[in-house]
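I would like the entire structure built from these sequences, with the hints used as guidance.
Its first residue numbered 117, the sequence shown is counted upward by one per residue in this note's numbering.
Keep in mind that the hints were calculated from the coordinates and are not lab data.
Cβ atoms here follow ideal geometry from the backbone N, Cα and C, with glycine treated the same way.
Heads up, a few of these hints could be off.
Pairwise CB distance ranges (calculated) [what the hints assert, rightly or not]:
#, residue 1, residue 2, range
1, Thr189, Phe285, 19 to 27 Å
2, Thr170, Gly227, 33 to 41 Å
3, Gly200, Thr258, 33 to 41 Å
Simulated pairs of lysine to any residue, SDA-like, Cα-Cα distance not exceeding 25 Å [claimed, not checked]:
#, residue 1, residue 2
4, Lys222, Gly142
5, Lys157, Lys205
6, Lys277, Ala250
7, Lys135, Lys169
8, Lys205, Tyr293
9, Lys169, Asp245
10, Lys205, Asn150
11, Lys222, Val182
12, Lys277, Asp245
13, Lys222, Arg248
14, Lys130, Lys166
15, Lys133, Trp264
16, Lys205, Glu180
17, Lys130, Val291
18, Lys277, Gly185
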Amino acid sequence: EVTFDEWDRCVTDKGCKFKPDDRGSGRGSRPVDNVSWLDVKEFLSWLSSKTGKTYRLPSEAEWEYVARGGTTTAYWWGRDVGQGQANCKDCNSGNALQPMPVGSFKPNPFGVFDTAGNAAEWVEDCWNDSYRGAPQDGSAWTTGQCNWRVLRGGDYDSPAKLVASSSRFRYDNDVRYPANGFRVVRELQ
Numbered sequence: 117e118v119t120f121d122e123w124d125r126c127v128t129d130k131g132c133k134f135k136p137d138d139r140g141s142g143r144g145s146r147p148v149d150n151v152s153w154l155d156v157k158e159f160l161s162w163l164s165s166k167t168g169k170t171y172r173l174p175s176e177a178e179w180e181y182v183a184r185g186g187t188t189t190a191y192w193w194g195r196d197v198g199q200g201q202a203n204c205k206d207c208n209s210g211n212a213l214q215p216m217p218v219g220s221f222k223p224n225p226f227g228v229f230d231t232a233g234n235a236a237e238w239v240e241d242c243w244n245d246s247y248r249g250a251p252q253d254g255s256a257w258t259t260g261q262c263n264w265r266v267l268r269g270g271d272y273d274s275p276a277k278l279v280a281s282s283s284r285f286r287y288d289n290d291v292r293y294p295a296n297g298f299r300v301v302r303e304l305q
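Structural data, given as structure tokens:
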């Protein structure tokens, strides 16, 4: 997940116009949230320009593949939410319903942190009601209801069923909602 520290560098460099409020939970290594899909696109443009590398949002298919970490269960660690595995409303993680610093919980088998809970994560895809007709190559869906974009992973205020690897929901692409954040993918050349 991209952190407030990383987002704040984009604001300082004038690559991002919007500076989201942390609502008292703290900035630093906590996942940036309260950013829209359109805000995220500014960040990605800035990061790509700053580094000379191509950064983008993952597709929904890429996100789920990585989140599952090679497993087929509801959560990468098993069928049940368990205790202390993720930051969500009924995950028994002692989070006090706020985002935790990135990496506060164990990584999945692929070494990726926080794919369940903490911040819901924007992906590239336009909203479609089901996977029927989705691209077969793992790329993002660029057709459908593109004023709505997909979020994955649930967040710190989500019930456990919404942090399952298969859970998906949507928001308007310009909505800034507390708990909506993102992670990036760097393309290999």
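Verification of the hints:
no.: 1; hint: Thr189 with Phe285: 19 to 27 Å; in the structure: 20 Å, holds
no.: 2; hint: Thr170 with Gly227: 33 to 41 Å; in the structure: 22 Å, violated
no.: 3; hint: Gly200 with Thr258: 33 to 41 Å; in the structure: 38 Å, holds
no.: 4; hint: Lys222 with Gly142; in the structure: 21 Å, holds
no.: 5; hint: Lys157 with Lys205; in the structure: 29 Å, violated
no.: 6; hint: Lys277 with Ala250; in the structure: 23 Å, holds
no.: 7; hint: Lys135 with Lys169; in the structure: 24 Å, holds
no.: 8; hint: Lys205 with Tyr293; in the structure: 17 Å, holds
no.: 9; hint: Lys169 with Asp245; in the structure: 33 Å, violated
no.: 10; hint: Lys205 with Asn150; in the structure: 18 Å, holds
no.: 11; hint: Lys222 with Val182; in the structure: 15 Å, holds
no.: 12; hint: Lys277 with Asp245; in the structure: 18 Å, holds
no.: 13; hint: Lys222 with Arg248; in the structure: 33 Å, violated
no.: 14; hint: Lys130 with Lys166; in the structure: 12 Å, holds
no.: 15; hint: Lys133 with Trp264; in the structure: 22 Å, holds
no.: 16; hint: Lys205 with Glu180; in the structure: 21 Å, holds
no.: 17; hint: Lys130 with Val291; in the structure: 21 Å, holds
no.: 18; hint: Lys277 with Gly185; in the structure: 18 Å, holds
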